[in-house]
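*Asks:* Once you've looked at the hints, dock chain B against the given chain A.
Read off the chains here:
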Amino acid sequence: MKKIVLLCNMGLSTSALVRKMKNHAKEIGYECTIVAFPVKKAIEVAIDADCVLLGPQVAFQLSMVREMLPHIPVNVITMQAYGMIDGKQVIEQVIALLGENNV
Amino acid sequence: MFDFEAISFQIISAVGTTKSKFMLAIEEAKNGDFKTSKRLIGEGEECFVLGHKAHMELLTEYASGEKVIPDLLLMHAEDQIMSAENIKLMAEELINLYEVLITEGIIKSKGEKNNA
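First to last, the protein sequences are chains A and B.
Residue numbering for the first sequence follows the working numbering, starting at 1 and increasing by one per position.
Residue numbering for the second sequence follows the working numbering, starting at 1 and increasing by one per position.
Taking beta-carbon pairs under 8 Å as the criterion, some of the chain A residues facing chain B (in silico): (1) L12; (2) A16; (3) F60.
Below are the DSS-like pairs computed for lysine-lysine, each with C-alpha atoms no more than 27 Å apart in a straight line: (4) B:K53 with A:K20; (5) A:K40 with B:K110; (6) B:K108 with B:K30; (7) B:K110 with B:K38; (8) A:K20 with A:K3; (9) A:K2 with A:K88; (10) B:K88 with B:K53; (11) A:K40 with B:K30; (12) B:K88 with A:K41; (13) A:K41 with A:K22; (14) A:K2 with A:K40; (15) A:K40 with B:K88; (16) A:K20 with A:K40; (17) A:K41 with A:K2; (18) B:K110 with B:K35; (19) A:K2 with A:K20; (20) A:K88 with B:K53; (21) A:K3 with A:K26.
Derived CB-CB ranges, DEER-like: (22) B:E66 with A:R66: 36 to 46 Å; (23) B:K110 with A:P70: 13 to 23 Å; (24) B:R39 with A:K2: 34 to 44 Å; (25) A:R19 with B:L89: 27 to 37 Å; (26) B:D79 with A:R19: 19 to 29 Å; (27) A:K2 with B:E104: 43 to 53 Å; (28) A:R19 with B:S64: 27 to 37 Å; (29) A:M64 with B:E66: 35 to 45 Å.
The hints are simulated quantities; they were obtained by calculation from the structure and are not laboratory data.
Note that the structure is a prediction, hence the values are computed from the model and not measured.
A virtual CB, placed ideally from N, CA and C, is assigned to each residue, including glycine.
If we strip away everything but chain A, and leave its shape as in the complex, we get (with noise of 0.2 Å):
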């Protein structure tokens, strides 16, 4: 089970992603949790984290994020994946970064 956390400005937009992307996790049997939360609160809820994705809209705290978590796999959410709420292209994002972090 991964945890996956995405973090917005105030965590009211990524929700709607996660919805969606709950519903591709589900379609192709992935299991995972996806929680949406204000970048602030990144250290207190991404701790234990498997991967960490950030809208695009904070991306610039890309770096920083990273220095509070330096074991987990960050990464920002694409504009267009965001744009379109493409949960299924966020999801493989994710399979994607934690591949490579196993390899």
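*Replies:* Below, chain B without anything else, positioned relative to chain A:
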């Protein structure tokens, strides 16, 4: 049926990226890399146009008599547009300020400090 959620997301995504680019541009100016800084401002502006186009679709819809029912997500999108616009103005001021301060030798760039 007009998909407000999709439009809202397009706006949030595009202007959100814009905001990130502008913030990174300030960071680069602080490092003394004004060329990268100006490139990032340019990239941000390109993203902003995408967001603006999505927003225009909504306005066109409204102008054609279609009732636009605002929800929290749409308000959030409008909010993001406003914040990106403001950040752009402030970013340009800050970058100009850093450029003067660093080229005049009044302050050291972050990069120089690390080397010292």
